[in-house]
Amino acid sequence: MSEAAHGSYYVPHGTHWPIVGSIGLTTLLVGVANFLNGLSVGTTMMAIGLAIVIFMMFGWFGQVIRESESGTYNDQVDRSFRWGMGWFIFSEVMFFAAFFGALFYARIYSVPWLGGGDPGTNEFLWSGFEAMWPTNGPGDIGGKFETIGAWGIPAINTLLLLSSGVTVTFAHWALKKNQRMPLVLWLLATVALGFTFLALQITEYTHAYHELNLTLGSGIYGSTFFMLTGFHGFHVTVGAIMLTVIMLRSLKGHFTPDHHFAFEGVAWYWHFVDVVWLGLFIFVYIL
Amino acid sequence: MTTATTHDTHHEEHRRGLMRWITTTNHKDIGTLYLLLSLLMFMVGGAMAMVIRAELFEPGLQFVEPQFFNSMTTMHALIMIFGAVMPAFVGLANWLIPMMIGAPDMALPRLNNWSFWILPFAFTILLSTLFMDGGAPAGGWTMYPPLVMQTGNAFPFLIFAVHLMGISSIMGAINVIVTIVNMRAPGMTMMKMPLFVWTWLITAYLLIATMPVLAGAVTMLLTDRFFDTSFFNAAGGGDPVMYQHIFWFFGHPEVYILILPAFGIVSQIIPTFSRKPLFGYSSMVYATASIAFLSFIVWAHHMFTVGMPLTGELFFMYATMLIAVPTGVKVFNWVSTMWRGAMTFETPMLFALGFVVMFTIGGFSGLMLAMAPVDFQYHDTYFVVAHFHYVLVTGAVFAIMGATYFWLPKWTGHMYNEKLGKLHFWLSTISVNVLFFPQHFLGLAGMPRRIPDYSVQFAGFNEISSIGGFAFGLTQLLFVYIVFKTIAGGEKATDQVWEGAYGLEWTLSSPPPYHSFSIAPDVK
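Residue numbers (the working numbering), protein chains in the order written: chain U, 46 to 332; chain H, 1460 to 1983.
Pulled out of the complex, with its shape left as it was, chain U reads as follows (with noise of 0.2 Å):
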C-alpha cells in the first residue's frame, strides 16, 4: 500500500505561518516577563503577543484544513499527523508527571523529612514541626486553610468527564456510520459537559479562595493542588475549544466516514485530559 504512496507524498512549498508563530509567542512571553518585572508595557505586549498566536492558529488550521478538505494528503500523510499527535501527547503526559512528581516528593519525602523522618532536618530548621497533610509548611504560609472535599463537586466533575469521554465516543461512532445530526448532537453534548466542568471548577476555586483561604499561597499543599488541577483546568479549556472547533467543522460537512483524523486527534486528546483527571482525582483528591 505505501509503495504509491510515496511518490505522493503531500511535502508544502513554504510556509509563513511558523514565523508570525515565533513572533507571536515571542511577543506574548516577552510581555508576560515584562509584566512579571513590573513594567506597565508588559500587558500591551502580552495582548498583542496572544492576538498574533490566535491569528496564527486560525491561518494554520485553516490552512491544512483546506489541504484536507480538498484531498491533498494520502493515507501516508494521514499516519504523520497520527504519530504526531500521539507523541504530543505523551510530551503533555510528562508534563503533568512533574508535577505529579512534586506533589508525591513531597508527601513521601520532604514533609515527612521536615516532621522528623530525617532527624536533622526537623532538629535544626524546623524543631517540633509535625508531618501531616494537607500542610502549608512549618512556616504556615499563607495562614490556616481548610481543603475542598472529594465527594462534593470533584465526585461530579469526575462523572462529567467520564460520561464526555463516553459521549465522543458515540460521536464517532455516529461518525463512521456516517450519521451527520448524532454525530453534532454527541459532539455539542461532549462540548456542554466539559464546559460544565469548567464551570463547576471556577466555582471550586472560588469557593477555595473566598471561604477556604486554600490559595496558590497555601504552602505545599496550595501549590501542587492549584497548580495540577489548574494545568488540567487550562487543558480541558483547550480541549473543549478544540471539540468546539470539531462540532463546527461537522456542522459545515467536514470529514468522512474513513477520514477524519482531527476528530480523532481531538478525541485522544480529550481521552487524555480525562485520564490526567482521574489521576487527580485519586492522589489530589481521595488521598
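Keep in mind the hints are simulated off the structure, nothing from the lab. We treat Cβ as the ideally placed atom computed from N, Cα and C, and that holds for glycine. It is possible that some hints are incorrect.
As the list claims (entries may be wrong) - Not close to chain H: a few residues of chain U, all C-beta gaps over 10 Å, as computed: (1) T60; (2) G66; (3) E137; (4) F215; (5) I247; (6) G298; (7) T301; (8) L323.
What the hints assert, rightly or not - These stretches of chain H come out as covered by chain U in the derived footprint (C-beta under 8 Å, 3 or more residues): (9) 1568-1575; (10) 1629-1637; (11) 1658-1671; (12) 1684-1692.
What the hints assert, rightly or not - Taking beta-carbon pairs under 8 Å as the criterion, some of the chain H residues facing chain U (in silico): (13) R1474; (14) T1482; (15) T1483; (16) P1563; (17) L1623; (18) A1674; (19) D1954; (20) V1956.
Based on these hints, arrange chain H on the given structure of chain U.
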C-alpha cells in the same frame, strides 16, 4: 493511493533571498539553518569560555566582576548545550535522515520550519539578559533554587527562553520519530537503518520524555518567585532538593541526548574509512537502547553530596556503573570494526578516532565520579569540569566536526581542503588536551568550579589550561574558514565521495537534489 494529483508536490519554485530561508519547508534548507545557528552559537559560547579562561589565567581578580564571571559560566553552558550541540545534531538529522532512509523530506515540513525558527528568538531573549538590570543569570545552568531566585530582571526571561527551547526540541523530536517510523523507503526495515538514524530515533524519545519535565521544573521556579507557591521552600513544606531531583530527571537523559547522535556519527565514519561493515550492528542498537533506558534511573548521581538516604546513594551508584557495560560494548565494536580493516586517515576518520580515545577518557573519569564515596571528594570541583568537557567537547563536538568533514562534500558538492582539515584536527586535539587534562589535577587538588579566584597553589595548571583554551578557541576560527571556503567552492566531489562510503545518501548526486528521494528507492 496516487489519485492526489491535483497538487504539484515537486514544484521547484522557491522564494529568493531572506524569505526563502524564513518560509522554507525543505529539510536541507532547515538543516543548513540549524547548522549555521549552531556554528554562530558555538562562537558566542566560545567567546564566553575565553572570558572565563582569561579570568582564571592567574589568581586574583583581573578582568571581570565575580557576578559577571558567574554569568559567563552559566550562559556558556546554556548556549553550548541548547544553542550549539543540540541544534547541530538536529541540523544533521534534518540533512541526513531523509536521505538515509530514502524519503522525499521530513514527515512534517511546516512543523520542522517552526522548530527551527523558534530558536533564534529564544537565544535573542537569553542573550538579551546580559544587558538587563541585575545582569544575566549567574546561578549556574542547572538553575538551582534558592540561588537562582536572586537573579534580577533576567529571571522570567531565562525561564521563558528555556520554555521556547523546549518547545523547539519537542517539535523537532516528534518530527524525527514520525519521519523514521513512517517515511522509510520500501525494504528499509528497522534493522537495516544506518546507526545514525537509530541513535537519533532513541534520542528523540529521550527528548520527548524529558523536555516537558524541564518545562515543569522551570515553571515551578517561576511560580515560586512570582505567584507565592512553595515547591522549593521548606517553610511551606516544599524542598529545594526536590528541584534537583526534577531537574536531573531531565538533566541526565539530556546528557545522553548530547552524546547518542555522536555515537551514531562515529558509527557511520569508522566503517567507511576501515572499509568494513560496522562490527556488531545489532549489539550497537541494543546498547544504545540500554543506555537510553539506564539514563532514566541514574539522575541522583548528580546529587550524591546533597543529602539522600543511603539506599538511594547505593542504588544510583550501581545503576550508574551499569552504564559502563553498554558503553563498553560500543567502544569494543568501534575498535573491532577497525581491526584488520584497510584503514585510511582522512579528517573525518581522525575526528572519529579522536572521539573514541578521548570520549573514553571522559567515560573513565565518569566511572570515578559514579562512586558515591569518591564523588564526595570530587563533587563541584574542576575534576567534574574536566570530565564533562572530555565527553562534550572531545566527544560531542569532535563528532559534530567529524560529521561536518564527512558529509560537507555531499552537501556542497565540493571537497574541503584535506591539509587544512588535518591541521584543524591536530591543533584542536593538542590544544583541547592542554586545556582540559590539567583540570583533572586541579579538581583532585580541590579547586572548586564556578569561582573566579583561586588559591595560588592552583596557578600553574590554570595557566597551562588557559593557554590551551586560547589555542583551542583560535583553532576553531580555522574550522569556520574551512567550512565557508568549501561552501564557496573547491575540488568537485564525486557522488560517493569516500571510497568506502555505504548507504543511500551516497547514491544521490553531490550536492543532492532539492527533494532527496522523489521516488522511493528500493532497498535490498
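Evaluation of the provided hints:
1. T60: Its Cβ does come within 10 Å of chain H, the nearest being 5 Å, so this is violated.
2. G66: violated (6 Å)
3. E137: U/E137 not clear of chain H: closest Cβ-Cβ about 7 Å, inside 10 Å.
4. F215: Holds: least Cβ distance 30 Å, greater than 10 Å.
5. I247: holds (18 Å)
6. G298: Fine: 19 Å to the nearest Cβ keeps U/G298 off the interface.
7. T301: holds (14 Å)
8. L323: About 20 Å separates U/L323 from the closest Cβ of chain H, which puts it past 10 Å; holds.
9. 1568-1575: With 5 residues close enough to chain U, the hint holds.
10. 1629-1637: holds (count 6)
11. 1658-1671: holds (count 5)
12. 1684-1692: This one holds; 7 residues, not fewer than the three required, reach chain U with a Cβ under 8 Å.
13. R1474: Holds: closest Cβ of chain U sits about 6 Å from H/R1474, inside 8 Å.
14. T1482: holds (4 Å)
15. T1483: holds (6 Å)
16. P1563: holds (6 Å)
17. L1623: Holds, because the Cβ-Cβ distance from H/L1623 to chain U comes to roughly 7 Å (cut-off 8 Å).
18. A1674: holds (6 Å)
19. D1954: Interface hint status for H/D1954: violated (22 Å vs cutoff 8 Å).
20. V1956: This hint is violated: H/V1956 lies away from chain U, its Cβ roughly 26 Å from the closest one there, beyond 8 Å.
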